[in-house]
Amino acid sequence: MNPMKDTFIHLRDLYRSSPIMAVSLIAAAVAFASTPLAFALMGRMKWFNARRGRTLLRPAFWSVVCSMILVMTIPAFILALLVKSEHFDENRYAFDPNRTISPIDQGRQYEARTLLDSVQKLDEGVRAEQERLAAIRKDLVDSVKKLDTAMLALRESARQAPAVIPPMNEVLERMGGIRKAVGLDAPQQVTNLKYDPTAMTANAPGTTSPIAASPVPQPTAPVAVATNGLSRPEIDAILATVPEPQKPLAVMLPLSDLPPGWVMSKIPGKAASPYVETFNAENLYEKMDGRAESFIQNGVKGMACCSYHPKGNEESEIQLFVFEMGNSLKARGKFDSEKPDEAKPTAIGEGAYTAAGSVFVHADKYYTIVNVAQDEPKLAEFALDLAKRVAALQKSTKSSGPTAQDLFNLFPAEPKRSGTKYVAQDVFGYSFLSDVFIADYKSGDVEFQGFLRPYASAEEAKKVFETYVDTARKDGAVLKTIDDSKADKMVMSSNIGMFDVIFLKGNAVGGSNGASDAKPAEALAREFAKSLPANVPVIEPDKKSVPAEGGADAEKQEK
Amino acid sequence: MSEKLTRTQQKNLERLGGVNPAEQPIPRRQFLTQLGGTAALTGAAVGAGLIIKDNWGMEGVKPPPPVRLKNYAVELLPSKPSLVVVRSNPVDSHGFASKDEELKAREDQVLKMVKAALSEMGGIERFITKGDVVVVKPNVAFDKNPDLAATTQPETVAAVVKLCLGAGARRVIVADNPINNPESCFFKTKVGDAALRAGAEVMMPQHSYFEDLYVGGETIKNTWKMFYRPFREATKVIGVSPVKDHNLCKATVTMKNWYGLLGNPRNQFHQDIHGIISDFALMMKPTFVIADGRKLLMRNGPTGGSLNDVKKADAIVVGTDCTAVDSWCVSRLLEKSRHEIIYLDKVIARGLGKDWRPQWTSEVTV
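Chains as they are written, first to last, in the numbering used here: chain A, 149 to 707; chain B, 218 to 583.
Extracted from the complex, chain B is given alone in its bound form (with noise of 0.2 Å):
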């Protein structure tokens, strides 16, 4: 120790028993303790790199993750029924002086039935918060006239927009991807020209509207193309569907509505129609779905053939699970067997849904 120490150094020195511990030598233990600690962290350091590192750069390429639709299913009180048949004479269309005024007693009354529905359930307050974002899927696949019945009603969609509005929703948004040209279906449906009548938002397919979407089902394993744009922000999602005989699937009523939402080619599900509809039942989560049960398309379906084929009903049914709603709807208005219809077996035994039971029911009279 050749340099001259401070106090303070020569204090510690005393307390350290005149031997300075920095001129040691470094014992062997201890030395190979650090040696391998630090081999260890500097290997670890590279592996992790090793793990991570992208050669091409794909990493921040990559397109996003898959979207998943949330849930936008709302929790019912248990005293509530969670399927309600509203039932209303229809109108009749002789006592009117213009075809407006007529038109004005039908959306009166759609919107008395859907109220109805929805207060036996709680309330529309119980589905629809001030300031949600409310996606409305109507069925207008195809470019025909209501009165065919081959799409949703016009009036039941606007009367679905008006008490989603009044119950304080910031944005409604109706969408669907018709099979025929977008802008023909909603204008000869009359559901485009309702929904604005009603203050909603129409929203037409485009190609960067869809989005790989994350199902995870028996049909789509694992992603397809959706019309997903309307459910960016969505908040609450309600399904308005005709009640219709379908070709292959041999009815299309609430569950089988969603397949609208599909990009293309979905023709192809048509080879496993009933599992492709039980997906649904895993992909979309409702709010609530109404089954428009007023003009019943009984065969040519899904397109319909001519007037004769439908048949003039009065029920609207609204309810929570579109298994029981659907089941429901093709053995009491389609009068079909409930066992034709195998995509609803499926949905029940894959636990999606719960077949339709007269203790969850309730039928009121408006």
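If we strip away everything but chain A, and leave its shape as in the complex, we get (with noise of 0.2 Å):
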């Protein structure tokens, strides 16, 4: 490098982000520079000389060179201050002159030092007191599981003598107790021995295990079965980062016992949990600003996600993401509103299906994502995998009242009828008009909407009517009458080509939606009004859904 160069290009870019800084800058160089040439030169030329009397004397040299001093200053001053311009100071706001510095502040400070001293004090006891209580529950899980090994001796000797059985089964079920007070859920001993003479020849080496052939879960030793993935240990560690309210999300993700030749992703920068992230309906937008609104219409309450590649590709990385929403119809209104025409059901969970390996579920209140960053067959069926097993966890309990597919069975069958979805906010574009139960219908060449809106109270309804009426004609629709005497008022609207038709019937608003023909829009109200109950039930925020169309029941996958 340059150094005459270097300067000179400096000079060069401040002068064209400066000009007057880069003027002075210079000028301030030439003088300082210049000023021993001018005194020598002024001092040759006898400028210094001073009338004493009638003669011209010489001033002593170190008075000049003093003076010649004193000159220099000026530019070095105006130097040093361009030069110091440059440079901002961090420290120069440490000080804050509003807080002035009081005996009374002093003491304060000191006091604050003193709290904040024994806080951390405090912090690291209570630190320590963790490790150590981590550490006595490790030693007491080993144990247990060690017990539970040596256990299996004498629970097999135990069911040949009759009388040892009944005291034998009270120490399991005890044991069953201590194994779920120190959180260990595996391995599992069959609590109900039965008198068995055969049991100890049965395991006479050569001979199948009675246990082995029982469907109950056969107890191992607890030695560690080699399978990809966290260990326990890490994933109580995480488990522990976790926030109270994502805890449930977050043990749903699988981090063990992932299929040969699978890891998990790490996530930089997350030294406490390197490979979960939790998130709440306050901070998603921490993971997917601009969509996370999407979420929190559906009423999102948290997010668990974490990331899973081949072992050496990181380029081939799977995504898990499990969302809790406000309740399963707001599930399965935000999977409905994210399903693309081309996707392919699959039975997972309350409704699943497949795009481009990627695999999304709902069941009960759960929304699960799995993505693909390649379409590859080995994705794919890793991805299905990993969305089995958090479905697996996301069983829902039915309830008693009426569920989203009971709904959807109003629905006419004809014209021909496809997809249905549940959209919980502003449907067709009105603001006032949510919880809608939508169907789609094909006649002919005409694709509509059939839609149906059952509310607690008839009034209600008809408030929405009336206003679905009154924002159809602000929006300069050509509204019409139809008479129908299976529903209490049902009018068409037809606005730039497309038709509407409502109707009010009882606590419900329904009709049919988009209609490039009026004709088929009409028959389709018109079928609808006349199938409907004259009380269509309604569904509480809380309750259940059920299995949609393509989806298949939790609990059958499970068998």
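Calculated directly from the structure, the hints in this document are not laboratory data. Using N, Cα and C, we set each Cβ at its ideal position, and we do this for glycine too. Treat the hints with caution; some may be incorrect.
[To be verified] Across the chosen pairs, the derived CB separations fall in these ranges:
no.: 1; chain 1: A; residue 1: Pro-167; chain 2: B; residue 2: Val-263; range: 33 to 41 Å
no.: 2; chain 1: A; residue 1: Asp-253; chain 2: B; residue 2: Leu-267; range: 24 to 32 Å
no.: 3; chain 1: B; residue 1: Glu-552; chain 2: A; residue 2: Lys-414; range: 33 to 41 Å
no.: 4; chain 1: B; residue 1: Pro-482; chain 2: A; residue 2: Ser-664; range: 42 to 50 Å
no.: 5; chain 1: A; residue 1: Ser-633; chain 2: B; residue 2: Glu-435; range: 37 to 45 Å
no.: 6; chain 1: B; residue 1: Gly-416; chain 2: A; residue 2: Arg-275; range: 41 to 49 Å
no.: 7; chain 1: A; residue 1: Asp-665; chain 2: B; residue 2: Arg-285; range: 52 to 60 Å
no.: 8; chain 1: A; residue 1: Leu-218; chain 2: B; residue 2: Pro-482; range: 49 to 57 Å
[Stated by the list, open to error] Here are a few chain B residues that sit away from chain A, every Cβ distance over 10 Å (derived from the structure):
no.: 9; residue: Pro-283
no.: 10; residue: Asn-306
no.: 11; residue: Lys-563
[Said to hold, decoys possible] Derived pair list, reagent style PhoX-like, types lysine-lysine, alpha-carbon separation capped at 20 Å:
no.: 12; chain 1: B; residue 1: Lys-279; chain 2: A; residue 2: Lys-153
no.: 13; chain 1: A; residue 1: Lys-487; chain 2: B; residue 2: Lys-316
no.: 14; chain 1: A; residue 1: Lys-418; chain 2: A; residue 2: Lys-435
no.: 15; chain 1: B; residue 1: Lys-467; chain 2: A; residue 2: Lys-487
no.: 16; chain 1: B; residue 1: Lys-563; chain 2: B; residue 2: Lys-553
no.: 17; chain 1: B; residue 1: Lys-528; chain 2: A; residue 2: Lys-487
no.: 18; chain 1: B; residue 1: Lys-316; chain 2: A; residue 2: Lys-459
Build the complex: two chains, separate frames, hints provided.
This is the structure:
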């Protein structure tokens, strides 16, 4: 590097960004450098000679040098200020003159520091205690595991002695309590022992163990099986960092027992929980800014996610997201809203589909997304496996009330009905219309939708019906009342070549929407109004949903 | 006059008619005038002192004034188009022995496409001159694989960097403030690697890199924290964005790309997404922008759902006005109605940009 060239480039850049500054800098530097020359020259020309009476005397050399230094300090100061002005002093703002350090303040600061010290000590103490307790817990778990193993032989021998069985059963029952207390869910042992004189002989080498043949889980030694994924302590450590509300979601993420060749992806910069991220509705934007709002509209409560990739190939990543939505309907609403036309239904949870290898599942109030980065069979297979594992933990409990499927069953089957969906908000662009059940219809070349929205009372339904009609009128639609004895009111609205028919019947508002031909829209609305009961069941927001079209019962999957 | 006068003094006295003015009493008018003048001057000095008085010494410690972005735009020749669409058949991924070969072919193709677009507009030399410090702003908001089209394609960033360095740029800085972890985003989107390989330096956000930027817009009326460090010595700015659907503003192309420079809590602007995006037209006057329309995220934006949401296309759009580029891309690539994009209407209504016009557009096939 050429220092002259560098200096020139810097000066040129400075001149481009701040010409006055550059000119001042150069002028000050020239003045500084040329002062000794000027003094030498002027001394030679007797400029400093002073009159003493009739003679001119030369000044002392040192007095000239001193005055030269004094003169040089002027450009030197200017230079220093110019250079200083180019550099931001970080410490300059550390001092706040508004906060005067009075003796009282000093005292307060001392108190604060003392308090901080004590809090830090307390924190350290808590941490040390946590570590001690974790160590004790680990010992306890290991001991229970060893005890479990030791009990195997005892248990088998007890099956030969009827008198030993009752106390043995009680011991095993107690052990179940201990296992539960220490958070150990395996290995399990059958507690209901029965008399079996052949037990010991059957366990002899070369014979099949009756335990192995039994449907209950076979007791296994607590030796860690070599599987991919995280170990139990690692998972426990991660779960300990997850906020309590998101813990049930984080628990659903398959972090262990991954297929051979697959590993968890690490999240850079997350030392405490390097594999799992969790978010709530307030901070979901940190993960999916811009898209978070669509989940918030569906009442998202939390999300947990993690990633996987084949060993040595981080490009082929699979990302797993588990969302807890407001309720099962909202979960279905979000699931439906993201479903592409090319989706291939698959039997997982209460409704699922695959699209280019990615899997989307809704079950109960959960919406699960398994995204693959590349459309490869190996990735798709693992994605499907992950989705099944997560959905198995999202089993819904059937409620006695009406379900979404009950409402979809009320829709006419003709003309050709295809997909069904639930839309939570802003249905057809109307802010007053929410929680609507929609089915797609096709009559010839005309594609349109049928919709139904039951309300708690007939008054509420009437209000929404009137709002719908008013809004359509304000939007410039041409409205025509249709006489239909099966509906309380029925109106056709036509605008920019699209026809909607809306009817009010009892506590429900329904109809057809978005048809390019009036006839099929009217026919569907009439048929719909005719088939609807006088009082349409209403789903309470917290009621559970049922399997959708293309979905299957999670319990069936388990079997 | 008691003392003896010199000859000169005597001559002067004679010339003044024997009256020494120094011995005459001062006239009242002159006295009052002088007294008044002195008092006025003193009053003015005291007043000025009071005006600039700084009781608490805050003048010395108050933070520096908010920074403003320069105008990085370059004047185009009137005969040249301000928007160029370059089309090229996508590289077939099957005909290569290795992934590296395929990547090389894709990089070469994008380089050709961007070069062709800039040639139509007067050549890269028109935009980048020797010694320039260029900031390239990709969209690496999410830690996603580039195949999911939620982020800028890495080879496009590499092509821009190579062209800038080839034109004599002294430094090329690739910078963005992602939503997810920056290291993870730059790594998984492969933009970091592509930029470094092409010779750029990658600047990731740090707390001290943010400064108050004066915007003076509709939504940001005064200032907002902005990832300003890359722009400190920048002389040219280039935006390289994907073309994708957006849940709130319906489309993310070149103008929404500048959102990535804002500091947190920027999510609060989602309440007025169209207003904030239209403010970017005021805040940033880039040298040129590139909309990478080779992979389009057609739905479930901005994060993207699955590969099914991605559509492969064949266009790269280069322009000097974000408004025109965005307008072209939403209607021609994202297949959306132009009237859905409210922020473009706002920009045009505020006189900050002009809608796309065929006469300013050139289409090239490479």
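Going down the list of hints, with the structure as the test:
Look at Pro-167 (chain A) against Val-263 (chain B): about 36 Å separates their beta carbons, and that is inside 33 to 41 Å. The hinted range of 24 to 32 Å is satisfied by Asp-253 (chain A) and Leu-267 (chain B), whose Cβ atoms lie roughly 30 Å apart. Restraint check, Glu-552 (chain B) to Lys-414 (chain A): a C-beta distance of roughly 38 Å satisfies the suggested window 33 to 41 Å. Checked against the hint of 42 to 50 Å, the C-beta distance between Pro-482 (chain B) and Ser-664 (chain A) comes to roughly 45 Å, which is consistent with it.
The hinted range of 37 to 45 Å is not satisfied by Ser-633 (chain A) and Glu-435 (chain B), whose Cβ atoms lie roughly 55 Å apart. Judged by the Cβ atoms, the range 41 to 49 Å given for Gly-416 (chain B) and Arg-275 (chain A) holds: they are separated by roughly 47 Å. Distance hint for Asp-665 (chain A) and Arg-285 (chain B): a CB-CB separation of about 58 Å, consistent with the stated range 52 to 60 Å. Evaluation of the 49 to 57 Å hint for Leu-218 (chain A) and Pro-482 (chain B) yields a pass: the beta carbon distance comes to about 56 Å.
Chain A leaves Pro-283 (chain B) outside its interface by the beta-carbon criterion, the shortest separation being 14 Å against a cut-off of 10 Å. No beta-carbon of chain A is positioned within 10 Å of the beta-carbon of Asn-306 (chain B); the least distance is around 20 Å. Non-interface call for Lys-563 (chain B) relative to chain A: holds, since the shortest CB-CB distance, roughly 18 Å, exceeds 10 Å. For a cut-off of 20 Å, the pair hint linking Lys-279 (chain B) to Lys-153 (chain A) is broken: about 37 Å separates their Cα positions.
With a CA separation close to 32 Å, the supplied pair Lys-487 (chain A) and Lys-316 (chain B) exceeds the 20 Å bound. Our distance criterion of 20 Å between C-alpha atoms is met by Lys-418 (chain A) and Lys-435 (chain A), whose separation comes to about 14 Å. Of the pairs offered as hints, the one joining Lys-467 (chain B) and Lys-487 (chain A) holds, with about 18 Å between alpha carbons and a cut-off of 20 Å not exceeded. The straight-line distance between the Cα atoms of Lys-563 (chain B) and Lys-553 (chain B) is roughly 17 Å, inside the 20 Å bound, and the hint therefore holds.
Restraint check: the Cα-Cα separation between Lys-528 (chain B) and Lys-487 (chain A) comes to about 16 Å, which is no more than 20 Å; the hinted pair holds. Taking the CA atoms of Lys-316 (chain B) and Lys-459 (chain A), the gap is about 18 Å. The hint holds against a cut of 20 Å.
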